[in-house]
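A.B. asks: Construct the complete structure from the given sequences, taking the supplied hints into account.
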Amino acid sequence: MEKQKYISVNGRNILIENEKNVLEVIRKANIELPTFCYHSELSIYGACRLCVVDVDGKGVQASCSIAPEDGMVVQTNTSEIRTIRKVNLELLLANHDIQCPTCDRSNNCKLQELSSKIGISQSRFKKTNVNFPVDDRSESIVHNPNRCVLCGDCVRMCKEVQSVGAIDFIHRGAQTRVAPAFGMSLADVECVNCGQCVSVCPVGSLTVKPEMDKVWDDLTNPNKTVVVQVAPAVRVAIGEQFGSEAGTISTGKMVNALKLLGFDKVYDTSFSADMTIMEEVQELLERKMNKGQLPLITSCCPSWVKFAEQYYPELLPNLSSCKSPQQMFGSVAKKLLPDMLGVDKKELVVVSVMPCTAKKMEAKRPEFSHEDIAEVDHVITTTELVKMISNAGIIYNELLPESFDMPFGFKTGGGILFGNSGGVMEAALRYAYEKITGETLIDSDFEIVRGESGLRTIEVNLPESTLKVGVAHSLSNARILCEQIKNGQSDIDFIEMMACPGGCVVGGGQPVSFDNNFKKKRTASLYNCDKQLQLHKSQENPYVSDIYKNELGEIGGEKAHHLLHTTYNSRKRISDISLDVRNSVNHKVKVSVCVGTNCYVRGSQELLKKLVVYVTQNKLQDMVGFEKQEETVDVSATFCYEKCDRGPVVSVNNITIEKATFAAVKKAIQIELEKCRIDMMV
Amino acid sequence: MNTVIEYESPITRKFNAVVEILEKYEYDSSRLITILQLVQEEYRYLPKEVLPYIATALNMPIAEVYGVATFYAHFSLEAKGKYVVKVCNGTACHVKGSMPIVDALYKKLNLTKEQTTTPDMMFTVETVSCLGACGLAPVMVVNEKVFGEVTPEKISEIIDDYLENKEA
Chain V
1 MEKQKYISVN
11 GRNILIENEK
21 NVLEVIRKAN
31 IELPTFCYHS
41 ELSIYGACRL
51 CVVDVDGKGV
61 QASCSIAPED
71 GMVVQTNTSE
81 IRTIRKVNLE
91 LLLANHDIQC
101 PTCDRSNNCK
111 LQELSSKIGI
121 SQSRFKKTNV
131 NFPVDDRSES
141 IVHNPNRCVL
151 CGDCVRMCKE
161 VQSVGAIDFI
171 HRGAQTRVAP
181 AFGMSLADVE
191 CVNCGQCVSV
201 CPVGSLTVKP
211 EMDKVWDDLT
221 NPNKTVVVQV
231 APAVRVAIGE
241 QFGSEAGTIS
251 TGKMVNALKL
261 LGFDKVYDTS
271 FSADMTIMEE
281 VQELLERKMN
291 KGQLPLITSC
301 CPSWVKFAEQ
311 YYPELLPNLS
321 SCKSPQQMFG
331 SVAKKLLPDM
341 LGVDKKELVV
351 VSVMPCTAKK
361 MEAKRPEFSH
371 EDIAEVDHVI
381 TTTELVKMIS
391 NAGIIYNELL
401 PESFDMPFGF
411 KTGGGILFGN
421 SGGVMEAALR
431 YAYEKITGET
441 LIDSDFEIVR
451 GESGLRTIEV
461 NLPESTLKVG
471 VAHSLSNARI
481 LCEQIKNGQS
491 DIDFIEMMAC
501 PGGCVVGGGQ
511 PVSFDNNFKK
521 KRTASLYNCD
531 KQLQLHKSQE
541 NPYVSDIYKN
551 ELGEIGGEKA
561 HHLLHTTYNS
571 RKRISDISLD
581 VRNSVNHKVK
591 VSVCVGTNCY
601 VRGSQELLKK
611 LVVYVTQNKL
621 QDMVGFEKQE
631 ETVDVSATFC
641 YEKCDRGPVV
651 SVNNITIEKA
661 TFAAVKKAIQ
671 IELEKCRIDM
681 MV
Chain E
1001 MNTVIEYESP
1011 ITRKFNAVVE
1021 ILEKYEYDSS
1031 RLITILQLVQ
1041 EEYRYLPKEV
1051 LPYIATALNM
1061 PIAEVYGVAT
1071 FYAHFSLEAK
1081 GKYVVKVCNG
1091 TACHVKGSMP
1101 IVDALYKKLN
1111 LTKEQTTTPD
1121 MMFTVETVSC
1131 LGACGLAPVM
1141 VVNEKVFGEV
1151 TPEKISEIID
1161 DYLENKEA
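Chains as they are written, first to last, in my numbering: chain V, 1 to 682; chain E, 1001 to 1168.
Simulated from the structure, these hints should not be mistaken for lab results.
Every residue, glycine too, gets a C-beta built ideally from N, C-alpha and C.
Careful, some of the hints might be misleading.
[To be verified] No farther apart than 20 Å at their CA atoms in a straight line, the calculated lysine to any residue pairs in the SDA-like style are these:
1. E/Lys1048 / V/Lys3
2. E/Lys1048 / V/Ser185
3. E/Lys1024 / V/Asn95
[To be verified] Estimated spans, in silico, between C-beta atoms of each pair:
4. E/Glu1026 / V/Thr128: 39 to 47 Å
5. E/Met1121 / V/Thr128: 28 to 36 Å
6. V/Lys520 / E/Glu1023: 44 to 52 Å
7. V/Lys117 / E/Gly1148: 41 to 49 Å
8. E/Tyr1025 / V/Ser369: 57 to 65 Å
9. E/Lys1113 / V/Gly11: 52 to 60 Å
10. V/Lys659 / E/Glu1023: 19 to 27 Å
11. V/Lys117 / E/Glu1026: 44 to 52 Å
12. E/Glu1026 / V/Val60: 40 to 48 Å
C.D. replies: Shown next as C-alpha cells:
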C-alpha cells in the first residue's frame, strides 16, 4: 500500500487525497479560506490573493495555486496573513462602487460578507474615480463594471464551461475591466443569455435584468387578468433565499405567495412540459420512421438554441421544432384562457417565473409574438420573485401551502423532471417506451440517463430495439456533441441539451448559493417532486389529453403544429462590422463576401482572395468606361448574412448568392457591370 | 499557398498580407500576439474590422482577441500617422525636459493630449516610458530614426524636414 501523505495545517495533520491544490486540503480541516476567484469547476486563476497562506520554506502563497506535498507545513492565520488579506480587501473596496443599500446583491455579496468576516472597519485607500457606463441593453443581464472585483469568474465561466467567450478582460492596469469585444453591449455580441456569469459573480457587477416593475404594473391594473406559470426548478430553490437549506421544496408556500401577490391564476410550466413531451416524442418517432434528420435535439433551452443558431446553423434542422414549455404554455394560454376565464385577449397577461435569464430573451423573440400580442408578456426569475414577495411584506416561511389552479396547474412527474439535466430525456423515454413497444411501462424511472457528468451517451434497451440517446449540459459539452454530429461520427437518435451546468436547477436566474452541495441537493429534490406525484408519465396527464381532444386534434397534427412549433434562424455572432478589403470610393458594384465562422470554414476566404485578384487583374478594357475596373468594383469582407447553412454567402449589389462559387460571383459581377455600362451609355 | 498577383492596390496587398500571416502561423491561436504584431505592421494599427476576421480564422472568441489587443501598449486600435513620434518620458528624459518637447510638438502640429494624430494622418505624437538611450536625453524617435538631446527649438525644424519629404 502506498504511504499516505499529509500536510500540516495550523499544526494538525490533514490527509492529502486527490486534491489538486492546498486550498482544497485546508477546507477539509474545517477552515474556510476566503476566495473570490476560486471555483472548483473553473480553471485556477489566483488573482484575488485572499486565500493566501504561509507555507514553511516557501513563504506566503496563494493556496489555490500550489499543489499539496507530503510534509508541507501551512499556517492559515498568522498576523502577516491577516494583514495581507485585509490590505487586499481594502484595495478591492477602494475600487468598488459601494452602493450596498441599492445593490441587487446586498446581503448575498461575497465582498460584503468577507469584509465583515475579515474585519474591515475602514478602507484607507483613496477611491478611484473611474466611472464606466452600465450596460443594460441585454434582455437578460445588466453589467455594471464599476462594481467588478476583477476575479474573472464570469470570463472563465463563459469561455471554459460555455465555450462562448462573449466577455474578457479588456485594457490594462487601472483601466482593466470585463467587457465584450470592442466594449460592445452584451445585446450585440455572442452572449447566449444563460446568466452563468451572474451565478458566479461574487458581487453585484453582473445581475439579472429586472422585469418586476412591469409585473407590478399589470398586477395593480384592474383591467388586466394576470396569470402566472412557474417552471419546475423554481420550487426547489426559492426557499433558500428565505433561509431554508439548499434544495428545500416549497411548492405550496410559493403558490400561496403568488396568490397573495395578486396573480389571478397560478399555473405550472410542468403542464406544458408534458405537452412538449407529447410533441417531441412524436417528432422523434416520425423522424425515425421516415428516415428524417437525426439525431433530434431538444429545443427547450433558449441559450442552447441561440448557441446553435450562432455556431451550428447546419444543425438547426436537427433541433426539435417544438416550442419550449414556457412558450407552449404562453401560446396555449393566450388561445384558451380568454374564453375559459371570460376575458379579452388583450387584457390577459401571462407572466413566467423561471430559473433562467435566457427565458427573458426567448419570450421577446419575434417568432413568439403574433399581431403584437406576445405569448408570454413578462419573465421574472426566481430571485425576482423573492424580491417581489419581500416587497409585499409577505412572511414566506409562515405561509400555508396552496394548490396550483386547474387545469394548467396539473402535471405529471415527467413534466417536473424538465428542470434537471437528463430530465427531459427521462420524461421522453417514459413516453417513447410505450409508443415504441406498445406495452405499459411499469417502473417509470430511467436511472441510466441520470447523473452529474456533463456528457453522457446511453443505449436504452427496449424489448425489440435500442434507442441511443445523449445528454449534455454546459455548452462546451454541447459543442463536443455538435462537432461529432457534424463530422458524421454520431449515431445518436435523440439528444437533450441544456446550457447550464446541471440543468435548469442551477440556472442563471436561481439564487446564488455558497453551499458547496447545492446542485446535488436541488437535483435530488426535483426527483423527489416527481416521486411525490401519483402520475409520472406525461402521456397520462388527463388535462393534456383533453386539450388534444377538444382543441388540438392529433399529437403532431396540423393544429398542434400551428400552436406548439416554431422555426430557427442562423444568427451572426457580432453585429455590424465589415472589413473593407479594397476601399474604392466611387464603386458601382459592391461585392461583400461573408467571412463569418460558417462561411469561413466553407472556403469564403479563398473566394475572397480570388475575387480581389480578379477585380484587380481584369481591367476589362473592351468595356467602354471601365478601363479602371479596380475603381468600379468594391470588394469587402463582412460578417454574416445569417444564412450560414447555405454559405459561403456573397452579395453583389443587391443580389445575394448562396453557396457561392467563384464562377457564380464572377458572372454576377459581369451582369452588374453590364447594367452600369448600359446606364452610363444612356 | 502562393497566389501570384500581378497587380495589387495597397489595400488589397494588406488584406492578402493578413491571410498570408495567418497561413504562415498555421492558424495557431497560441501565436496570436505575433500575428497581431505583423498585422499591425501592415496597417500601422489594428483596424477594428480585422480583429473579428483574425478571431474567426484562429477559432477563438472575438473578446479574447480584443482583450489581448487592448492589453499591450504596443498595439493600437486607432489609426496612426505615417510618422509616429515617440517622446521618451523616462526618468532621465523627464528631468532633462521632455515635457516641453511634447508641448512644442503639440503646438507645431496643432495636437492635444486627446487628439494625438494629425487629421492628414501624417503625424502621431506619443510618449513612451524609456527608450534605453538615457545618455542622449531627452530622446525622441520618429518611426525608426532616433533624435538625441532634443530641444523645443529643434522640433519645428525636424517636423518641417518630414513635411518637405512629403512634398517630394
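A.B. asks: Could you run down the list of hints and mark each one as holding or not?
C.D. replies: Hints versus structure:
1. E/Lys1048 / V/Lys3: 58 Å, violated
2. E/Lys1048 / V/Ser185: This hinted pair holds, its Cα atoms lying about 16 Å apart.
3. E/Lys1024 / V/Asn95: Not satisfied, since the Cα-Cα distance of roughly 43 Å exceeds 20 Å.
4. E/Glu1026 / V/Thr128: 39 to 47 Å: Once the Cβ atoms are compared, 42 Å apart, the range 39 to 47 Å for V/Thr128 and E/Glu1026 holds.
5. E/Met1121 / V/Thr128: 28 to 36 Å: Distance hint for E/Met1121, V/Thr128 holds at roughly 35 Å.
6. V/Lys520 / E/Glu1023: 44 to 52 Å: The hint (44 to 52 Å, Cβ to Cβ) holds, given that V/Lys520 and E/Glu1023 are roughly 49 Å apart.
7. V/Lys117 / E/Gly1148: 41 to 49 Å: 57 Å, violated
8. E/Tyr1025 / V/Ser369: 57 to 65 Å: About 47 Å separates the Cβ atoms of E/Tyr1025 and V/Ser369, which means 57 to 65 Å is violated.
9. E/Lys1113 / V/Gly11: 52 to 60 Å: 58 Å, holds
10. V/Lys659 / E/Glu1023: 19 to 27 Å: About 24 Å separates the Cβ atoms of V/Lys659 and E/Glu1023, which means 19 to 27 Å holds.
11. V/Lys117 / E/Glu1026: 44 to 52 Å: Given a distance of about 50 Å, which is inside 44 to 52 Å, the answer is holds.
12. E/Glu1026 / V/Val60: 40 to 48 Å: Holds: the Cβ-Cβ distance is about 42 Å, inside 40 to 48 Å.
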